[in-house]
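Make a model of the complete structure from these sequences and hints.
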Amino acid sequence: MEFSIRAANVEDCRDIARMIRVSRHVRTYLEQDGFSKNPFFHGIVAEVPEHVLFSGHTKIGYALYFYSYSSWTGRAIYMEDLYVMPEFRGKGIGKALMSKVAQLGLAAGCNQLNFTVLDWNKSSLDFYLSQGCFDVTEKMGYHCIRCEGEALEHLAQP
Amino acid sequence: MNFRVRAATKEDCKEISRMIMELAVYEKMSEQVEISHKELERDGFCQNPFFECLVAEVPEEHKSKEGCTVVGYALYFYTYSTWRGRSVFLEDLYVMPEFRGNGIGKGLLCKVAEVGRKKDCVRLQLSVLDWNTPSRDFYAAKGAQDLTVSEGWHFIRFDGQNLENLANEAPKDL
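Protein sequences appear in the order of chains Z and C. Reminder that position 130 of the first sequence reads as 130 in UniProt numbering, one-by-one numbering, no gaps. Reminder that position 136 of the second sequence reads as 136 in UniProt numbering, one-by-one numbering, no gaps.
These aren't lab readings, by the way, just hints derived from the structure by calculation. None of these values were measured; they are calculated from a predicted model. Incorrect hints may have been included.
[As the list claims (entries may be wrong)] With a Cα cut of at most 35 angstroms, we get these calculated DSBU-like pairs of lysine-lysine:
| no. | chain 1 | residue 1 | chain 2 | residue 2 |
| --- | --- | --- | --- | --- |
| 1 | C | Lys38 | Z | Lys139 |
| 2 | C | Lys111 | Z | Lys139 |
| 3 | Z | Lys95 | C | Lys119 |
| 4 | C | Lys106 | Z | Lys139 |
| 5 | Z | Lys139 | C | Lys14 |
| 6 | C | Lys172 | C | Lys38 |
| 7 | Z | Lys37 | C | Lys118 |
| 8 | Z | Lys139 | C | Lys142 |
| 9 | Z | Lys122 | C | Lys142 |
| 10 | C | Lys28 | Z | Lys139 |
| 11 | Z | Lys37 | C | Lys10 |
| 12 | C | Lys38 | Z | Lys37 |
| 13 | C | Lys172 | Z | Lys122 |
| 14 | C | Lys142 | Z | Lys37 |
| 15 | Z | Lys91 | C | Lys172 |
| 16 | C | Lys106 | Z | Lys37 |
| 17 | C | Lys111 | Z | Lys37 |
| 18 | C | Lys172 | Z | Lys139 |
Written as structure tokens, this is what we have:
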């Protein structure tokens, strides 16, 4: 299937929000947080030509990423979201998006591409492992820890 | 013990690099440290820094056996959740063993949370080794949740040749 991948721009936020399935309210945050002076994230979108339209959408997948850092190995890239609309799966679009994130990371001097996956999500886990990644939690024992809401407010008291 | 937490400067990078190695030794992974103070200087103090850092400093009269007054650090960067928005990821939190038990670790952690809040971050995330009970207890006591245990989240990574191979398969730019 013919498709192309390009950098997301602010006009893509409507379609990205649609694919994330979030409210208009959060779309405003996407525009502000991804497309202002010091963006918190970057995006790439996968598009199909007009004549392959499904429900009028030509943007049928996306990946959101940002730069991170390992105090041991330096610059890294983190893939926050990878998504392809169900009717467009099995055509290499997800793989192409992920490869593009890897390429962008290497171009920026990164030597790791990191992301998270739920342990019960076997199909995703198998896909990623087949592409050559490894499970850091399994292999090295790192756990994901999060502080939010009241606990975070309390911590942030001066 | 009297201490202060302040933003790191480029000149602090040698001390931060020293402590990064001490933390790696504690985590039993010192052979994995590949970068030096040079990369920290380049990546933390450029136009679009990859990270920010706080250091904890004690007065001269409390300096360490080796003469260090910079005795702890917290290295963090901003991240994003498409569901919740702006977040902070605490990459490293470390206090030299002889200075522990004085609230320095807590002081650094709280300062990171405060910095994050000023930027409207709604989450503070980090990773901790499963066998590191003192650290796991420290964060749990502050109200943090272990998402690997509670929800099954795993960290996944591509590096080295596998990352190169993946990048080589990216579609050619038009």
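Now the hints, each set against the structure:
1. C:Lys38 with Z:Lys139: Between Lys38 of chain C and Lys139 of chain Z the Cα gap is close to 29 angstroms, so the pair holds against 35 angstroms.
2. C:Lys111 with Z:Lys139: holds (32 angstroms)
3. Z:Lys95 with C:Lys119: Given that 35 angstroms is the threshold and the Cα spacing comes to 34 angstroms, the pair holds.
4. C:Lys106 with Z:Lys139: holds (29 angstroms)
5. Z:Lys139 with C:Lys14: holds (30 angstroms)
6. C:Lys172 with C:Lys38: holds (34 angstroms)
7. Z:Lys37 with C:Lys118: holds (17 angstroms)
8. Z:Lys139 with C:Lys142: holds (27 angstroms)
9. Z:Lys122 with C:Lys142: holds (32 angstroms)
10. C:Lys28 with Z:Lys139: holds (14 angstroms)
11. Z:Lys37 with C:Lys10: Cα-Cα ~23 angstroms, so holds.
12. C:Lys38 with Z:Lys37: holds (27 angstroms)
13. C:Lys172 with Z:Lys122: holds (30 angstroms)
14. C:Lys142 with Z:Lys37: holds (33 angstroms)
15. Z:Lys91 with C:Lys172: Distance ~17 angstroms between Lys91 of chain Z and Lys172 of chain C Cα, so the pair holds.
16. C:Lys106 with Z:Lys37: holds (32 angstroms)
17. C:Lys111 with Z:Lys37: holds (24 angstroms)
18. C:Lys172 with Z:Lys139: Satisfied, since the Cα-Cα distance of roughly 34 angstroms is no more than 35 angstroms.
Consistency with the previously given hints is maintained throughout, with no hint failing.
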